[in-house]
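A.B. asks: Residue numbers (the working numbering), protein chains in the order written: chain A, 1 to 167; chain B, 1 to 378.
Hints are computed from structural coordinates only; laboratory data are not their basis.
Treat the hints loosely; a few may be bogus.
[What the hints assert, rightly or not] In silico EDC-like cross-links for lysine to aspartate or glutamate, where the CA-CA straight-line distance does not exceed 20 Å:
#1 K47/A / D102/A
#2 K47/A / D28/B
#3 K48/A / D102/A
#4 K48/A / D146/B
#5 K48/A / D135/B
#6 K47/A / E199/B
#7 K48/A / E29/B
#8 K238/B / E199/B
#9 K238/B / D220/B
#10 K47/A / D36/A
[As the list claims (entries may be wrong)] If you want the ones that stay clear, here's a sample from chain B, every Cβ over 10 Å from chain A, calculated:
#11 E10
#12 D109
#13 P126
#14 D153
#15 D204
#16 T206
#17 E231
#18 T315
#19 T324
#20 G345
#21 W354
#22 E359
The C-beta atom is built at its ideal place from N, Cα and C for all residues, glycine as well.
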Amino acid sequence: MNPAHEREFRDFAAAQSPALLRVAYLLTGDVHLAQDLMQSALAACVKKWHRIDEPYAYVRKVMYRSQYNAWRSRARKPESIVDTVPERTDPDHADRVARRRDLQTALARLPYRQRLIVVLRYYEDRSEVEVARMLSISASGVRSQASRGIAALRRIHETSEIKEALR
Amino acid sequence: MNSDEPIAEELRAVPMPPELVPPQGYIDEALRRRARSRSYRTVAAVLAVIGMMAGATAVMGGSGGGADPAQSPEWTSSPYTEPNLPRPGGGPLVVESFTAGPDRHYLLDRDTGVYRSVPFRAQVSPDQGHVAVTDGVAYGFADRSDYLTHGADAVSWPAGLPGYSAFFGGLGGLMTWSPDGTRFQLPPVVAEDPPRIVEFVAYDVTTAAFTRTPAPADVDVSHAIWAADSEGYAVLEKRQGARPALRSLAVDGSLGPRTEIDGDHPVLAGFSPDGRYLLYYSSPDEDDRRVRVMEVEEGETVLSMKIDDADVRRTIVGWADSTTVLCQEWMNEPGVWERIAVPDGTVDRGDAAWPNDLEIGGIGPSSALPPEAADLGF
Numbered sequence: 001m002n003p004a005h006e007r008e009f010r011d012f013a014a015a016q017s018p019a020l021l022r023v024a025y026l027l028t029g030d031v032h033l034a035q036d037l038m039q040s041a042l043a044a045c046v047k048k049w050h051r052i053d054e055p056y057a058y059v060r061k062v063m064y065r066s067q068y069n070a071w072r073s074r075a076r077k078p079e080s081i082v083d084t085v086p087e088r089t090d091p092d093h094a095d096r097v098a099r100r101r102d103l104q105t106a107l108a109r110l111p112y113r114q115r116l117i118v119v120l121r122y123y124e125d126r127s128e129v130e131v132a133r134m135l136s137i138s139a140s141g142v143r144s145q146a147s148r149g150i151a152a153l154r155r156i157h158e159t160s161e162i163k164e165a166l167r
Numbered sequence: 001m002n003s004d005e006p007i008a009e010e011l012r013a014v015p016m017p018p019e020l021v022p023p024q025g026y027i028d029e030a031l032r033r034r035a036r037s038r039s040y041r042t043v044a045a046v047l048a049v050i051g052m053m054a055g056a057t058a059v060m061g062g063s064g065g066g067a068d069p070a071q072s073p074e075w076t077s078s079p080y081t082e083p084n085l086p087r088p089g090g091g092p093l094v095v096e097s098f099t100a101g102p103d104r105h106y107l108l109d110r111d112t113g114v115y116r117s118v119p120f121r122a123q124v125s126p127d128q129g130h131v132a133v134t135d136g137v138a139y140g141f142a143d144r145s146d147y148l149t150h151g152a153d154a155v156s157w158p159a160g161l162p163g164y165s166a167f168f169g170g171l172g173g174l175m176t177w178s179p180d181g182t183r184f185q186l187p188p189v190v191a192e193d194p195p196r197i198v199e200f201v202a203y204d205v206t207t208a209a210f211t212r213t214p215a216p217a218d219v220d221v222s223h224a225i226w227a228a229d230s231e232g233y234a235v236l237e238k239r240q241g242a243r244p245a246l247r248s249l250a251v252d253g254s255l256g257p258r259t260e261i262d263g264d265h266p267v268l269a270g271f272s273p274d275g276r277y278l279l280y281y282s283s284p285d286e287d288d289r290r291v292r293v294m295e296v297e298e299g300e301t302v303l304s305m306k307i308d309d310a311d312v313r314r315t316i317v318g319w320a321d322s323t324t325v326l327c328q329e330w331m332n333e334p335g336v337w338e339r340i341a342v343p344d345g346t347v348d349r350g351d352a353a354w355p356n357d358l359e360i361g362g363i364g365p366s367s368a369l370p371p372e373a374a375d376l377g378f
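Next up, chain A with everything else stripped away, as it sits in the complex (with noise of 0.2 Å):
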């Protein structure tokens, strides 16, 4: 990588690194887990960058496969569920806060799949199509998946505010 090439990469990944961990959290549930993804991705990424158009598409795209493919590769395992409350301020804001925490919490509790696309197509607001496409599978399996785990949230998540939310 030549130095032009590192001083951009340097400042994408300062810039854009709360965004991806984000991501990355939604996907894994775990702060540890969240911060390895990205690093892993950002690595994947530094060979490559200079031919890399939208640096934070791709490296969210290389985060996406890289936890589809240890999902896989961990057969199934029990996924890790932060049990961290935040801090709560006023009722209404702390009730807020943890109806989504819950929502988290129901979120890892999905099948890896379900999850990856449900975070594709509602947190990314990605098209079937791009879903489809970026994990090589039908667009008729994104919409199933996608379908199943909004059922499987609304399912798991029992409140009222979050069955709302999920309608």
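Go by the hints and put chain B onto chain A.
C.D. replies: For chain B alone, kept in the frame of chain A given last:
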């Protein structure tokens, strides 16, 4: 935007733990990891060269060892073993190919009845003799038997396929063979602002040429499926304030007359093998998801039934034969195959199933499988 806006908003608002910060020195570590990986590959390459020289020496020495010179030195196919695939015990259909995850693709070796790993996702031609493949960057095709034996070395990668976005590699979607097996369709070329399909592309394996069909500029069309006679396509016209319409699209881009069809956002699945029926189904955004079959000549819907109910949810796979639609249940694992008779809608829910985690690439006839593999049929 997705229609499930609340879930999107909630996901974006999920609180992050305060300790979720980049690890110390992570940028330097990323740069170092790459350097270590490069060193490792250099050593591995040297060892590989030494290994190849040793193999060549053995051949020259007449020992009979060494690799087949036509075989890619990096390609070794292996049978699929995990988890054990269901063996329903026999039936007219068989799964031809499937994907177990990124970079884990399998193709049925019809000579041995074993699913073997292949380097790229493969879509089997209607005559089962060829495959269309994609590595996520380009499309190619190969003789099926050669592809199983030689992997990427057996693939022809046609050049001159312009117009794709570089995003996510641009490609990687499905290839769809024409019913006569002479061409396979690639994902359409899409303009981004405003987003719309501008061109449909197919590759003709008999002439080694691309067929590029412009989408009409003044009509909002969806994805295309092959026409039953393989001459052109059928597309869905989306219309504001009116029911969507099915239209034929000739290779030169000219549209045929409209035939209105049911549903708000239907997805075209394909014509029956005899061309009599069109299969389509509701998009997941619709509340009352239905699979529908239209009798093409009369433009009449002859079957409309719910895809999902309280106990059963289905993925539509396609036509099993000219009067049977094949579905897969996905509420439970593994997904049971179901057959819907057309036009009466009778559902035959047998015992055969397929693991939901394995994305099916294509279905084909189970005839001519060796006896020891006949029980893969369903």
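A.B. asks: Against each hint, give a clear statement of whether it holds in the structure.
C.D. replies: Here is how each hint holds up against the structure:
1. K47/A / D102/A: Violated, at about 39 Å.
2. K47/A / D28/B: holds, 14 Å
3. K48/A / D102/A: Answer violated: K48/A to D102/A is near 39 Å, above 20 Å.
4. K48/A / D146/B: violated, 32 Å
5. K48/A / D135/B: holds, 17 Å
6. K47/A / E199/B: Roughly 34 Å separates the two Cα atoms, so the pair is violated.
7. K48/A / E29/B: This hinted pair holds, its Cα atoms lying about 17 Å apart.
8. K238/B / E199/B: Holds. K238/B to E199/B sits at ~16 Å (cutoff 20 Å).
9. K238/B / D220/B: Measuring from Cα to Cα gives roughly 6 Å; hence the hint holds.
10. K47/A / D36/A: OK: K47/A and D36/A at ~18 Å, within 20 Å.
11. E10: Violated, since 5 Å does not exceed 10 Å.
12. D109: holds, 21 Å
13. P126: It holds; P126/B is separated from chain A by about 18 Å at its closest Cβ, greater than 10 Å.
14. D153: holds, 21 Å
15. D204: holds, 23 Å
16. T206: holds, 26 Å
17. E231: holds, 25 Å
18. T315: At roughly 5 Å from the nearest Cβ of chain A, T315/B sits no farther out than 10 Å, so the non-interface label is violated.
19. T324: It holds; T324/B is separated from chain A by about 18 Å at its closest Cβ, greater than 10 Å.
20. G345: Non-interface label on G345/B holds, nearest chain A Cβ at 21 Å vs cutoff 10 Å.
21. W354: Non-interface label stands for W354/B: nearest chain A Cβ at 12 Å, farther than 10 Å.
22. E359: violated, 4 Å
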